[in-house]
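A.B. asks: Sequence:
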Amino acid sequence: MASASASSPPTDVAKRMAVSKNAADDMMRVLSIYDTGVLPMSPPPAAGEADGEACDQREDDDEEEAFAAAEDVIRRCNSSSSSSGMTDYLYAVDDAIAAAALQGSLASRAAEAVQAAMPRLEEEARALLCSSSSSRRLSRSFSDDFVDDAATPPDASPSPRLSPRAAASVRGVADRMLRAGYGPELAQVYVAVRRDALAEAVAHLTGATEPVAIEEVLRMEWAVLDQKMRRWSHAVRAVVRTLLAGERQLCDEVFASDEELGHECFADVSRGCVLQLLGFADAVAMSARATERLFRTIGMYEALADVAPELDALFAGDARELFAAEVSAVSARLGCTVRRTIEEFGGVIQAESSRRPVHGGEIHPMTRYVLNYCGLLADCRGTLDIVLADAIRSFDGGEAANDGGGATSTPSGRCMRELMNRLLRKMDEKSCLYDDAGLKHIFLMNNLYYIVQKVMDSPVRELLGDDWIRRHRGQIRQYETGYLRASWIAVLSCLRDDGGSAGPTVKDKARSFNAAFEELYRNQTSWKVIDPQLREELRIAVSERLIPAYRSFLARPRPHTGSSSGSGRHSASRHIKYSLEDLEDYMLDFFEGVQKFVK
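Everything in the sequence shown is counted per our numbering, starting at 18 for the first residue and increasing by one.
Careful, some of the hints might be misleading.
[What the hints assert, rightly or not] In the EDC-like style, the derived pairs of lysine to aspartate or glutamate whose C-alpha atoms are separated by at most 16 Å in a straight line are:
1) Lys594 - Asp483
2) Lys443 - Glu379
3) Lys471 - Asp483
4) Lys545 - Asp483
5) Lys443 - Asp525
6) Lys613 - Asp602
7) Lys594 - Glu609
Read the hints as simulated data drawn from the structure, not as lab findings.
Could you put the whole structure together from the sequences, leaning on the hints where they help?
C.D. replies: Next comes the structure, spelled out in structure tokens:
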């Protein structure tokens, strides 16, 4: 049995021990095979130099013997399709690269061995990159940029990130290729694989596998375009902060020994997806403007401005200048679209030309629309201050000299003031559609009160200022006074004491008052004051004038007519139809928007 063992083929360990006479070298090689999960980053440490000239020949022999073993490993692995033994293969490549740096015939053989090893290393790099890119999924960090988004859940999208183990293995392969002078071949493999993986991830985030042309944007229904714009605003942040940032980190690691090549590879990998994102934003900016698109466009402008510094920091050299110029140009066009859309919105207010008055003097639909729109604009005031900075004269409404400082003097503050002025002028025009002067003032009061309340309860207040609110509250009181004069002067004149001069009799005055009051009741119960507080204030203002005048009228001595004083008083009293309590009760029906008649 012992003789059989001695004559048996040597074990794998024995073979490895025969590669070199240097015991330390051999031990490192043997131990390295027991951790095959990560490919070695660099060759094992060189043995210490032997002392004396007597060791030189022995070292030459060792180098020859080591290279012969390495050459054999490279030849055997190249002829096999199996991916096992890659650790030994990389160490063999290390030995071949080291031998190629020597002089003599050994260097020529080593160079040929290195050249023969490169295709295998290229395929190994490609396999590592492809398998890792397709098997992993987007991390939860993506979902932070998709809050309230109805788009495809981000966790269902493939992620181009490499696992730490795969990244370390790629670095091991890349290190050999770069040291051997095969950087261009490595770059070609890296760019081809990583560009496709990145494009796939971006397509899942944006919902677009191909660049979107401006013609497509023009043809899109608003619902479709709205979703794409919303997804774009989320996606551009995720792409820059997660995908490209991760790709930049991987490039730095893989091309650590050739920083310039790493910059070029990252630019080549990223160029397509960055230009695709910018292309869609550019198509939106160049398409037809519409007021309903404004806030999505602002969102895209803000998203791009948000990531622009981070995007700029990812690139270097000419690539940085190229992308910085592209981002700046697209941002400028988006800003121009925002500015012109706001200008057109102001034009829409001025051009509103409906000739049908709102029933009962209620709040005009345009008032509600403009105030809601302005409330959303006020939320974007920081962006508007940037976008409108170059077009301030378009929005100051000629009131720049009246700025009170602070937010009211900013471009967004002047823009908001001009939009409010245009709305108020339009409401003045609309009030002329009413034939009844009292109803005209009710309409103006309703709309201005609504405007002031909405301003006070929204960020618009900061842009218009408290002085604007005070002035327009005073205008509401003027409308109230105008209503009282237009509607009640004639009624109250029926109750006025003429001081005994010849004129209408008490009976005639009572009849006139009854007819006038019943007419007002029939009309003004159908008028609508929307706000309960304003409605109550208006009733009180009427009652404060009507009730004392009517009480004085009832208390006034009746003139004696007929055969006896009793019959005269009875004749006048017959025409007094309402008590003070009756009038107070009837006043509760005013301004409710439901027409009623005196019973």
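A.B. asks: Indicate, hint by hint, whether the structure satisfies it.
C.D. replies: To see whether the hints hold, each was checked on the structure:
Of the pairs offered as hints, the one joining lysine 594 and aspartate 483 is violated, with about 48 Å between alpha carbons and a cut-off of 16 Å exceeded. Only pairs whose Cα atoms come within 16 Å are accepted, and lysine 443 paired with glutamate 379 is accepted, the gap being roughly 15 Å. Annotation: proposed proximity of lysine 471 to aspartate 483 holds, straight-line Cα distance about 13 Å (limit 16 Å). A C-alpha spacing of about 28 Å is found between lysine 545 and aspartate 483, which places the hinted pair above 16 Å, so the restraint is violated.
For a cut-off of 16 Å, the pair hint linking lysine 443 to aspartate 525 is broken: about 43 Å separates their Cα positions. With a C-alpha separation of about 13 Å, the suggested pairing of lysine 613 with aspartate 602 holds against the 16 Å cut-off. Annotation: proposed proximity of lysine 594 to glutamate 609 is violated, straight-line Cα distance about 24 Å (limit 16 Å).
Hint compliance for this structure: hints 1, 4, 5, 7 are not met, and every other hint is.
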